[in-house]
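Heads up: the sequence lines are chains A and B, in that order. Per my numbering, the first sequence starts with residue 4, numbered consecutively. Per my numbering, the second sequence starts with residue 43, numbered consecutively.
The hints are simulated quantities; they were obtained by calculation from the structure and are not laboratory data. Computed from a predicted model, the values in this text were never measured in an experiment. Using N, Cα and C, we set each Cβ at its ideal position, and we do this for glycine too. One or more hints might be untrue.
To be verified - Covered stretches of chain A (chain B as the covering partner; in silico rule of three or more C-beta atoms under 8 Å from a C-beta of chain B): (1) 37-48; (2) 80-89.
To be verified - Simulated crosslink set (SDA-like; lysine to any residue; CA at most 20 Å straight-line): (3) A/Lys71 - A/Gly86; (4) A/Lys4 - B/Ile68; (5) A/Lys45 - B/Gln79.
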Amino acid sequence: KQEVTQIPAALSVPEGENLVLNCSFTDSAIYNLQWFRQDPGKGLTSLLLIQSSQREQTSGRLNASLDKSSGRSTLYIAASQPGDSATYLCAVRTGANNLFFGTGTRLTVIP
Amino acid sequence: KAGVTQTPRYLIKTRGQQVTLSCSPISGHRSVSWYQQTPGQGLQFLFEYFSETQRNKGNFPGRFSGRQFSNSRSEMNVSTLELGDSALYLCASSPFMTGGGTEAFFGQGTRLTVV
């Protein structure tokens, strides 16, 4: 069964710092990997989607990489802002077409 | 373009009752999936519907059921509610059923509290 792990579980950084969130998965047979952001009590906002054949995707200050063979993905956030404070979730899509989610990293950016 | 709409946003129910949640996907999307989010278990897949047919089901008891209508709107039903069913229920819509380029877009969720 696919298992997705995110490290660290929580992270506090001062405003302006660059940071990296990690995601690992046990079964490399995935279709794609998606990074989401979740604000407290709210739904999920899609940040980046990486196909299994791709190595990275970029959107603004966000860059996500994927190493499918080693079962790892990273989300890089440049020049962090207080508005980036949220829980970040990664999810892999398997052949059964459902998403397996990690437990998330709670990010706090201190002004 | 409207996003995924879930109604109601909040629900309080008593143990033993049943509840129905609704999800309207993004226009043109035909796949709807449901997820349960709890502090202890995180996000877990419930089921997926495509073209009014359940295509995939997670590891949940039969008290959890769903359906999809011809306009792709979906409903999820939970019967004989238990305290442990208290959770945020999230609906995701995707343009295609098969894997590959499918990107999931989520609604704001329905917060269900069972007392």
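Outcome of the hint check:
no. : hint              : in the structure
1   : 37-48             : holds (count 7)
2   : 80-89             : violated (count 0)
3   : A/Lys71 - A/Gly86 : violated (30 Å)
4   : A/Lys4 - B/Ile68  : violated (30 Å)
5   : A/Lys45 - B/Gln79 : holds (11 Å)
The earlier numbered hints that this structure contradicts are 2, 3, 4.
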